[in-house]
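Enquirer: Chain residues, written in single-letter form:
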Amino acid sequence: MSDRIPTGIAGLDEMLGGGFLPETANLVEGAPGTGKITLGMQFIVNGILRYDEPGVILTFEEFPQQYYRDAETYGWPFLELEKAGKLRVIMTSPEVSRADLERVGGRIESLIREIGARRILVDSLSHFERITRDPIELRRVVYAFVNALKREGLTSLLTRESPVLVGEGDLTDEDVAFLMDSFLMLRYVEIDSAIRKALLVLKLRGSQHAKDIRQFEITGSGLEVRSKFEGREGILSGSPHRMAESFVEAFVRR
Amino acid sequence: MANPGSDLAARLMGDMDPQLLDFLKTKVNSFIKWDLVRFFHENPHSTDTAENVARYVGRDASVIEAELGELVGTGVLERQRVGDLWVYSLATDAHMRKLVDQFILACDDRQFRVKAIYHIIRGMR
Numbered sequence: 000m001s002d003r004i005p006t007g008i009a010g011l012d013e014m015l016g017g018g019f020l021p022e023t024a025n026l027v028e029g030a031p032g033t034g035k036i037t038l039g040m041q042f043i044v045n046g047i048l049r050y051d052e053p054g055v056i057l058t059f060e061e062f063p064q065q066y067y068r069d070a071e072t073y074g075w076p077f078l079e080l081e082k083a084g085k086l087r088v089i090m091t092s093p094e095v096s097r098a099d100l101e102r103v104g105g106r107i108e109s110l111i112r113e114i115g116a117r118r119i120l121v122d123s124l125s126h127f128e129r130i131t132r133d134p135i136e137l138r139r140v141v142y143a144f145v146n147a148l149k150r151e152g153l154t155s156l157l158t159r160e161s162p163v164l165v166g167e168g169d170l171t172d173e174d175v176a177f178l179m180d181s182f183l184m185l186r187y188v189e190i191d192s193a194i195r196k197a198l199l200v201l202k203l204r205g206s207q208h209a210k211d212i213r214q215f216e217i218t219g220s221g222l223e224v225r226s227k228f229e230g231r232e233g234i235l236s237g238s239p240h241r242m243a244e245s246f247v248e249a250f251v252r253r
Numbered sequence: 000m001a002n003p004g005s006d007l008a009a010r011l012m013g014d015m016d017p018q019l020l021d022f023l024k025t026k027v028n029s030f031i032k033w034d035l036v037r038f039f040h041e042n043p044h045s046t047d048t049a050e051n052v053a054r055y056v057g058r059d060a061s062v063i064e065a066e067l068g069e070l071v072g073t074g075v076l077e078r079q080r081v082g083d084l085w086v087y088s089l090a091t092d093a094h095m096r097k098l099v100d101q102f103i104l105a106c107d108d109r110q111f112r113v114k115a116i117y118h119i120i121r122g123m124r
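Read top to bottom, the protein sequences are chains H and A. Position 157 of the first sequence, counting from 1, maps to 156 under numbering that gives the first Met the number 0, and the rest follow consecutively. Position 8 of the second sequence, counting from 1, maps to 7 under numbering that gives the first Met the number 0, and the rest follow consecutively.
Excised from the complex, chain H in its bound form (with noise of 0.2 Å):
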């Protein structure tokens, strides 16, 4: 087994020390639209592609067909992967996916061993929100879905939409994010009058990771990140402010 799972995406491999770690779960958070689901299926399509890995696409939320166009615009062929064996995009329902996991011979476990996948992307975590409210009861149901991925031999990226557009946002004691081997932020950030993009890499479990924070954008070939913010801090407030400013403000304007 490798000692990493690279996602192909030049900046965050390297933000990564070289990709997550095999067979973990992965979260990716962010507002809509930030680029949470270009992120994963760029992980499932460079898997294919560049390192033999075959992947799945559990999805909650959107249609296949949806997934197959949005591919498409940037030039991936999950069509042809789905056709060749090598990717399988599942429409199903968070209670429906745990339930079928938990089992021996499950559906879901089926599509992973006819193709060999090892990498998942599962979009979105917020929706098994929809089984419970109650956030202990949630972090187990959560749990026992992550670890049934983990015991398919599946590296995951999981995402999951954040509430606040832009700023920060909160999490509880009781928050998924703490069962999650790694954890990535997409944040939308206000610089001179336009909106931004910034990633963090705000843990990887038994690693060493870049803290920095990070420019990315989404472009015709997908998600490339970018160096980082200089000179600025407060990105995670939405609205950073230049570091000589933070000075005037602390020692000059009294």
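Just so you know, these hints were derived from the structure itself, not from any lab. Just so it is clear, the structure is predicted and the values come from calculations on it, not from any experiment. You can trust all of the hints, since none of them are fake.
FRET-style restraints, in silico, Cβ to Cβ: (1) Arg96/A - Ala193/H: 46 to 52 Å; (2) Lys24/A - Arg132/H: 44 to 50 Å; (3) Phe30/A - Arg132/H: 34 to 40 Å; (4) Arg80/A - Gly115/H: 25 to 31 Å; (5) Tyr117/A - Tyr50/H: 48 to 54 Å; (6) Glu71/H - Ala65/A: 35 to 41 Å.
Some chain A residues close to chain H (C-beta under 8 Å, calculated; not the full set): (7) Thr48; (8) Val86; (9) Ser88.
Listed below are several chain A residues computed to face chain H (Cβ distance under 8 Å; list not exhaustive): (10) Glu41; (11) Asn42; (12) His44; (13) Ser45; (14) Asp47; (15) Asn51.
Backbone N, C-alpha and C define an ideal beta-carbon position, used for all residues, glycine too.
Start from chain H and add chain A according to the hints.
Expert: Leaving out everything else, chain A in the frame of chain H:
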């Protein structure tokens, strides 16, 4: 005197592929089943409850359940117990999947759709 309605029916169905005609007569004999067959054709790996399938196809769950049951009865779909849930998925039988593919492909043709609609309406009377 011959019934003009049955004449028209015979003419409409006469040139239809016998396999597809049989599929239409014995399996997809309602518009809801047609929607369901299309849904499972587009989502061949889907496994879900009647309630969720109803949500996906924009129909009422109480109506969908009976139609799903009939599609299971004719071998188009499979029904399984998963935990405490009953879930539905497209039959894994290769012959049935081929028939479903052929039916959906045929539906791209307007003439075929008109004949199929006529047949279903006739069956509803």
